[in-house]
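Student: The numbering of the sequence shown is my numbering, which starts it at 22 and goes up by one.
What the hints contain is simulated information worked out from the structure, not anything from laboratory work. Do not rely on the hints blindly, as some may be mistaken.
Unchecked claim - The calculated PhoX-like cross-link candidates involving lysine-lysine, where the alpha carbons are at most 25 angstroms apart (straight line), are:
id	residue 1	residue 2
1	Lys-28	Lys-95
2	Lys-168	Lys-94
3	Lys-245	Lys-160
4	Lys-245	Lys-87
5	Lys-218	Lys-160
Here the structure is a predicted model, which is why all the values come from computation and not from measurement.
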Amino acid sequence: MGFGDLKSASGLKVLNGFLSERSYIEGYVPSQADVAVFEAISAAPPADLCHALRWYNHIKSYQSQKSSLPGVKKPLGQYGPAGVADSTSGSAPAKEEDDDDIDLFGSDEEEDAEATRLKEERLAEYAAKKAKKPALIAKSSILLDVKPWDDETDMSKLEECVRSIQMDGLVWGQSKLVPVGYGIKKLQINCVVEDDKVGTDILEEQITAFEDFVQSMDVAAFNKI
Numbered sequence: 022m023g024f025g026d027l028k029s030a031s032g033l034k035v036l037n038g039f040l041s042e043r044s045y046i047e048g049y050v051p052s053q054a055d056v057a058v059f060e061a062i063s064a065a066p067p068a069d070l071c072h073a074l075r076w077y078n079h080i081k082s083y084q085s086q087k088s089s090l091p092g093v094k095k096p097l098g099q100y101g102p103a104g105v106a107d108s109t110s111g112s113a114p115a116k117e118e119d120d121d122d123i124d125l126f127g128s129d130e131e132e133d134a135e136a137t138r139l140k141e142e143r144l145a146e147y148a149a150k151k152a153k154k155p156a157l158i159a160k161s162s163i164l165l166d167v168k169p170w171d172d173e174t175d176m177s178k179l180e181e182c183v184r185s186i187q188m189d190g191l192v193w194g195q196s197k198l199v200p201v202g203y204g205i206k207k208l209q210i211n212c213v214v215e216d217d218k219v220g221t222d223i224l225e226e227q228i229t230a231f232e233d234f235v236q237s238m239d240v241a242a243f244n245k246i
């Protein structure tokens, strides 16, 4: 497993393809897997790799709390698509230990303690969820106006970048191009969001992050469902 050389264009292209069907490197929330891959990249991916760039900008927003993200950071070669080896320069291979240095019992004890802690946390979460009465999920339908820089902006690529934004509680709907004058057209796109999970502020932050295509984003209509 791996992405090839994440400091090269070819490695970033593999990462972009990997993230075209995923929001994160592993699972459905940011974790130490995302931190490990993020730290191996020397700079933000180019705008044409919109899936990788969307992920990069999202994980960058967690930098102040990266140490608290769940999971255990593993070598880069344990992430990514099968059949691709990690060759990122500067990534250290796993250190081989002498047989005399191996603690045959300590690691098991640590794993048992961690397993017990996780089990207790999950039981507590399950009990808390059971205690709550079923609540109606509040949703809203939002119509967004996404404006390009000029009439030469590739609008199909702009829409592809916008739709690459994936998060729990967000569903993209229909879209159309609307003339605004001087040959320029804006993208008008609808989405349905769960109010407790997705707000217009985070949508604007992630959409305007595609700064090579997007000049600004406005909310054209907002309706509770």
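Student: Does the structure break any of the earlier hints, and which numbers would those be?
Tutor: Of the numbered hints, 2, 4 do not hold.
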